[in-house]
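Chemist: Let the hints inform the model, and build the full structure from the sequences given.
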Amino acid sequence: MEKPKWPFELEPLSWGAESNLYLTDYLGIKAVLKHRFPKKYMDPRLTRRLIKTRTIREASLLIEARMAGVHVPLPLYIDSENGILVVKYIEGRLLRDVIDEEPDNVGVLACTMGEIVKRLHNTDIIHGDLTTSNFIRSKYQGRIYLLDFGLAFKSRRPEDKATDIRVLERAVVSTHPMLRESIMEKFIECYTDGLRDLDNIMARYRKLSLMGRYVAERRKSLGA
Amino acid sequence: MWLHRILRDKEVTVLGIESTAHTIGVGIARNRPPYILANQYKRYTPVMGGIHPREASRFIAENAPSVISAALKEAGITMNDINAIAVALGPGLGPCLRVGATVARALSAYYEKPLVPVNHAIAHIEIGNLLSGFEDPLVIYVSGGNTSIIAYKDGRYRVFGETLDIALGNLRDVFAREAGLAPPYISQGEHVVDLCALRSREKKLLELPYIVKGQDVSYSGLLTAALNALKQGAKLEDVCYSLVEISFSMILEVAERGLAHTRKKQVLLTGGVSASSILDKKTKLMAEARGASFYNVPRKFAGDNGAMIAWAGVLAYLNNIVMEPSEAVINQRWRPDEVDVPWRNQNGRSN
Ligand SMILES: Nc1ncnc2c1ncn2[C@@H]1O[C@H](COP(=O)(O)OP(=O)(O)OP(=O)(O)O)[C@@H](O)[C@H]1O
Ligand SMILES: Nc1ncnc2c1ncn2[C@@H]1O[C@H](COP(=O)(O)OP(=O)(O)OP(=O)(O)O)[C@@H](O)[C@H]1O
Ligand SMILES: [Mg+2]
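So the sequence lines, in the order shown, correspond to chains A and B.
Quick note, the first sequence lines up with residues 94 to 317 if you use this note's numbering.
Quick note, the second sequence lines up with residues 906 to 1256 if you use this note's numbering.
Hint data in this document are derived by calculation from the structure and do not stem from the laboratory.
These figures come from a predicted structure and were not determined experimentally.
Check the hints yourself; a few may be wrong.
[Claimed, not checked] Calculated lysine to any residue pairs in the SDA-like style (CA-CA distance at most 25 Å, straight line):
no., chain 1, residue 1, chain 2, residue 2
1, B, Lys1189, A, Leu139
2, B, Lys1118, B, Asp1185
3, A, Lys300, B, Ser1123
4, A, Lys279, A, Asp197
5, A, Lys96, A, Asp197
6, B, Lys1118, A, Ala296
7, A, Lys133, B, Glu1142
8, A, Lys98, A, Tyr119
9, B, Lys1058, A, Glu278
10, B, Lys1189, A, Ser107
11, B, Lys1118, A, Arg250
12, B, Lys1108, B, Ser1182
13, A, Lys300, B, Arg1063
14, B, Lys1058, A, Pro270
15, A, Lys300, B, Gly1196
16, A, Lys96, B, Gly1196
17, A, Lys96, B, Lys1058
18, B, Lys1118, A, Asp197
19, A, Lys133, B, Lys1189
20, A, Lys211, A, Arg236
21, B, Lys1058, A, Arg273
22, B, Lys1170, A, Ser226
23, A, Lys133, B, Glu1193
24, A, Lys145, B, Ala1165
Modeler: Below, the structure is given as structure tokens:
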């Protein structure tokens, strides 16, 4: 795995799907360097194109989300040609782990996620990759930060907002199958409170929703 | 390994019927080596255009009896040696599913054999597990009607990502047809869109939409844009090349994300589109980069077939999953994550 071109010390933090993350020090600030690397299974031009547009978009939407009052890591440095984005380090724990460790807090955490996504959607930012691994609870103020705007984009279409919620639901189903209902119910309650274009978004969401389907399989004892 | 548990069970032999789309497949499987005793099928290929569900269902009805006899003959057994009849009740095309269900109900009632309901997608996965020996793979299931990334967690196969609109195979088949490359869709074992892409000299990469939303992909915009590019005079080979590169990269990107998130160490590629050697190569590169092992299910067990229904039927039957003929109702949109798969559970086996 190639290392990014970066003059300061790098300490590996995580090996993501899309990028490698390193801890570093930038201007005396503890920071995270996100390095998007080319994919061997893609045409080199395609992978470079994706790296460049995603790096630029991530930086600019982080700033917009911050202006909308959402806690996100502050961008500090960008080199889109080399797929490098440096943001402030948030010390804390991923909600994915917090949820599993503190089942009693699931309602509060789901509600906070709902409020954050409502703020984003009210400024027409679609996150594009809502999962419980992309929320982090800061160690100090216990604030919830939203990470990873690599697939984010701007749109006012209700179907894009509904899809964002569906993406989260899908992630919840696959990472916390047993908590799906308690998380999604509370999330929706807090998400919809004060949401612009609520009716249209929820109508789309219901169409896309996977919840409450009829389970067709029947099990029956063979008998002896 | 999980196969060992199955070998400890009493011996059972199951006949499986597949009729979810264009194929009438009949397979016979047993929980003893060589596991698959028969795999017979007939495939309906429309002379023009896509699948017409009515015509396909008539084809299935007409051919079911001969395919059943051929399967019994291949296995060298008779109906008396069969313990249960398994049938794919979904997902798939209503008229086609109905024929298979009718045939299965009749066999079950007449020969007094229990009926075992099988989910088509799960059957694709389980035969892949059997052939690869994988314990717990991330599954890339790409066919004419399905495009999903699936992994086992907590008693069920969870759909980690999927297409929001058309399937990968459908994208390729419709493009081939509209661009005048097909039918036939397959030539010398390769899809005509892949062959067209390989003919591209310049390998020009057109700006076609690359749409990944979280863990899901969307292909309908890519299809429209590719057809538009053709109309506006782009070279056919370049459009093919761009379509192939972009569509495969999209599904592999979400598969890679699935691997990273589920931390699985095995990748199973299945469904009709897995026969593409371009996709095979790319998937292998993706798995290698993640340190995962890779298995591509061979064509005759990757496309729709009866053996996979029979094998999934063996697993279900050993776990007492049976129904009365009157209960065997088809479900065109039966999702794999609606089905309990107790045979995957290490501890919860019932005997
Ligand atoms: N600013 C930050 N402060 C602390 N940890 C961070 C920060 N940014 C990222 N991380 C950690 O790195 C992980 C991956 O980051 P991110 O989601 O941005 O990368 P990614 O390549 O998109 O990964 P994935 O595809 O898994 O979502 C996060 O889940 C988190 O653990
Ligand atoms: N050799 C090949 N190379 C590439 N693609 C192929 C090849 N053979 C078949 N295909 C594609 O596979 C698809 C058919 O898949 P399959 O046989 O699994 O049937 P299906 O009805 O689409 O499956 P399902 O019911 O599981 O969705 C078609 O899109 C076809 O173009
Ligand atoms: Mg992430």
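Chemist: Look at each hint and say if it fits the structure.
Modeler: Cross-check of the supplied hints:
no.	hint	result
1	B:Lys1189 - A:Leu139	19 Å, holds
2	B:Lys1118 - B:Asp1185	24 Å, holds
3	A:Lys300 - B:Ser1123	17 Å, holds
4	A:Lys279 - A:Asp197	13 Å, holds
5	A:Lys96 - A:Asp197	41 Å, violated
6	B:Lys1118 - A:Ala296	19 Å, holds
7	A:Lys133 - B:Glu1142	22 Å, holds
8	A:Lys98 - A:Tyr119	14 Å, holds
9	B:Lys1058 - A:Glu278	22 Å, holds
10	B:Lys1189 - A:Ser107	23 Å, holds
11	B:Lys1118 - A:Arg250	14 Å, holds
12	B:Lys1108 - B:Ser1182	18 Å, holds
13	A:Lys300 - B:Arg1063	20 Å, holds
14	B:Lys1058 - A:Pro270	8 Å, holds
15	A:Lys300 - B:Gly1196	38 Å, violated
16	A:Lys96 - B:Gly1196	18 Å, holds
17	A:Lys96 - B:Lys1058	34 Å, violated
18	B:Lys1118 - A:Asp197	31 Å, violated
19	A:Lys133 - B:Lys1189	10 Å, holds
20	A:Lys211 - A:Arg236	16 Å, holds
21	B:Lys1058 - A:Arg273	14 Å, holds
22	B:Lys1170 - A:Ser226	20 Å, holds
23	A:Lys133 - B:Glu1193	10 Å, holds
24	A:Lys145 - B:Ala1165	22 Å, holds
Violation of the numbered hints given earlier is confined to hints 5, 15, 17 and 18; the remaining hints are satisfied by the structure.
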